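Assembling the complex is the task here: the two chains are given apart, and the hints tell you how they should meet.
Line by line, the protein sequences are chains A and B.
Each step along the first sequence adds one to the number in this note's numbering, with nothing skipped, and position 261 is 267.
Each step along the second sequence adds one to the number in this note's numbering, with nothing skipped, and position 45 is 75.
These are calculated hints, taken from the structure and not from any lab test.
Quantities reported herein were computed from a predicted structural model and do not represent experimental measurements.
Wrong hints could be hidden among the right ones.
As the list claims (entries may be wrong) - Only pairs whose alpha carbons sit at most 20 Å apart, straight line, appear in this in silico SDA-like list of lysine to any residue:
(1) Lys219/A x Gly236/A
(2) Lys219/A x Ser124/B
(3) Lys108/B x Leu76/A
(4) Lys68/A x Gly86/B
(5) Lys68/A x Ser98/B
(6) Lys91/B x Asn98/A
(7) Lys68/A x Lys117/B
(8) Lys91/B x Lys219/A
(9) Lys68/A x Asn121/B
(10) Lys91/B x Pro95/A
(11) Lys68/A x Lys108/B
(12) Lys91/B x Gly236/A
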Amino acid sequence: MQAIMLGLTTVPGVMGGMLSDERGNVLAHSFPSYFDMATLKGAAELLQDNTAGLLDVTGGVKLFDIRSELGRLIIKPLPHMFVVVLCQPSVNIQLLYISLNVAIKKLEKLSVASPPAQPAQQAAPQVQATPTAVGVPRSDSAAPSSSDYRAVTDAKGVLLTCETMKKTAGTFWDSMADNASVNRNTALEISHFFKTGPFKKLTITNPSTGVSKHVPISVIQHDRDHVYDGKIILTQALTELLHAKEGDQVRVEVVHGGGFLGWEGI
Amino acid sequence: MSDISTKLSVIPEIEQALLMTKDGAVVDDKSYQAELIGANGLFLALFANHIGSQLGIGEFKTATVQGSEHHLFLFDSKRHYLCVSAKGSANVTSLDSEIRRLLAQK
Chain A
7 MQAIMLGLTT
17 VPGVMGGMLS
27 DERGNVLAHS
37 FPSYFDMATL
47 KGAAELLQDN
57 TAGLLDVTGG
67 VKLFDIRSEL
77 GRLIIKPLPH
87 MFVVVLCQPS
97 VNIQLLYISL
107 NVAIKKLEKL
117 SVASPPAQPA
127 QQAAPQVQAT
137 PTAVGVPRSD
147 SAAPSSSDYR
157 AVTDAKGVLL
167 TCETMKKTAG
177 TFWDSMADNA
187 SVNRNTALEI
197 SHFFKTGPFK
207 KLTITNPSTG
217 VSKHVPISVI
227 QHDRDHVYDG
237 KIILTQALTE
247 LLHAKEGDQV
257 RVEVVHGGGF
267 LGWEGI
Chain B
31 MSDISTKLSV
41 IPEIEQALLM
51 TKDGAVVDDK
61 SYQAELIGAN
71 GLFLALFANH
81 IGSQLGIGEF
91 KTATVQGSEH
101 HLFLFDSKRH
111 YLCVSAKGSA
121 NVTSLDSEIR
131 RLLAQK
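Isolated chain B, as found in the complex (with noise of 0.2 Å):
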């Protein structure tokens, strides 16, 4: 488990936080569930990025799904994607401000 997803892994709300490169290669984490939420977080950053670029606003910095069972939320870095999985019974803006807060702490 990475230092990132330990962080992140003290809000009860949230399933997995995974880092991976922007091939979609996960990082320290060999698991099934890892591999799975990975590969959706890649397609949703190559969708993310896609209909950016269709519409002119650029490469993405975060993106978020709000599901019925699940939310996604992906972040990008220079060289990373952060990729969590949350319920979805959580309120998706008071968990995304938190894992925020938690981030910007050093």
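Chain A on its own, in the form it takes in the complex (with noise of 0.2 Å):
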């Protein structure tokens, strides 16, 4: 990957191109080293968070093509990726698309012939806090910046870890009702297994007593260290529904509705 990052840098006026996953993750660059990771990081981030809100008035972005005095960036959405070029002004910009599309088929064959990529570097190191409870404030100073997690599976669905959802007086109604909550890149990574896109309910099973339950699921977004990756919140009735113990593996699944109108067993 990064190869083809530093090909494309052959282009006369391309002063860089970086390589982000839809997690806000840097895979690859080859901007001059006074871009620091953490303003790569920043880029990739706030592509993650804004590329989506334009998904409706284009019906799906293809490229967007950025112009100011100083420069000229090109970012092209890929399927889970993103590519970002930075160029001057003054770049044969149909020259660039060119190179743009080559190093596209490239990273393609390269997406074929392995598995997801990890991120290439990281800004701090990996930390895993033990979490008690959502909504408790961590430290963010020994946070890992970006995520590696990816699902575990079987033949039926992805395998979280269960956690229970303690209660507080914040959170004492809630965990009356049956209902579970994900971070945003455990939601990605089941949606990815199943191939559905979003999704708001999950079948959650109990492997061991074989005890399921079909409930609305909930997205913690501001998870930025990562605490929540792979495993699942469950209410404190939810928990005793499932006959579930805080660690134990509950399989997930998403329910793909049947018969003419696709309403049928949801």
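This is the structure we're talking about:
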């Protein structure tokens, strides 16, 4: 990947290229050293957060071209990735498009040949904190900046470690309802496994007891230190219903509707 | 409809062209469609400025989004943004140069 990004810089006027994933991780880059990792990570996070905003009006973004006095930025969204190229305003854009298409073809071959890429560099060391409850503030200083979580699966679904939502004044009533929460990375992995796109409900099965339940899912948006990767937070009521204990593995499945209208079984 | 919108309406691939203030108020068009395009244009302006300043190239002058069904063009001026929506079947590069050619005409 690094070589592909370096290949883009051979186009006259190109300052650097970056490949980032949909989670805001920088996978590879060929920017000069004065662009530090935090800057590139910030840009990758901006892409991750904002590109979906123009999906409705354009029917799917193929390319961004942002021009300013000091430079020109070409952003190419790919499935689960973004290629960003920073160039001088005077760049030969047609030549860049040709090189970009070549780079994309190489990336496609690479992604077919190998499993999902891991982040190239990490700005901070990986520290796994043990969570106690949803929403408990954590120290950001030792937080890992990127996630390398990949789903653990079996033949039927994705296996997640079970954690019970603690009863507090704020969660007392919620703990009586049957619902569950996963973080964004975990939700993406589930969505990729079932190839469904966004989902609102999951069927959770405790493999040891065979009990299962179809429940609404909420997504934890701000888990920047990735402590809930591969975990599912169940309410007290749901934990009791599934006869699950803290730390048990449960299987989650996205239910596809059947019938003529696709509603049956939902 | 503003003068610029009238001028650009001669290009058949252009669906809508509107002028808006930098805080997103559309000039001379109160339709829902104009408001929608204006909101998306403003979103694009904020995004382009954010990522531009993050990578050190400063505020944008023009931003183009090539889409599957519609393209979106955004041009910056001193007090306004010109936001243009075009058909997705059109060639972005030729459309961009055509818009610039018409805007440069007195």
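To see whether the hints hold, each was checked on the structure:
no.: 1; hint: Lys219/A x Gly236/A; result: holds, 19 Å
no.: 2; hint: Lys219/A x Ser124/B; result: violated, 55 Å
no.: 3; hint: Lys108/B x Leu76/A; result: holds, 17 Å
no.: 4; hint: Lys68/A x Gly86/B; result: violated, 24 Å
no.: 5; hint: Lys68/A x Ser98/B; result: holds, 7 Å
no.: 6; hint: Lys91/B x Asn98/A; result: holds, 18 Å
no.: 7; hint: Lys68/A x Lys117/B; result: holds, 14 Å
no.: 8; hint: Lys91/B x Lys219/A; result: violated, 53 Å
no.: 9; hint: Lys68/A x Asn121/B; result: holds, 13 Å
no.: 10; hint: Lys91/B x Pro95/A; result: holds, 11 Å
no.: 11; hint: Lys68/A x Lys108/B; result: violated, 29 Å
no.: 12; hint: Lys91/B x Gly236/A; result: violated, 43 Å
This entry does not satisfy hints 2, 4, 8, 11, 12, going by the numbered hints stated previously.
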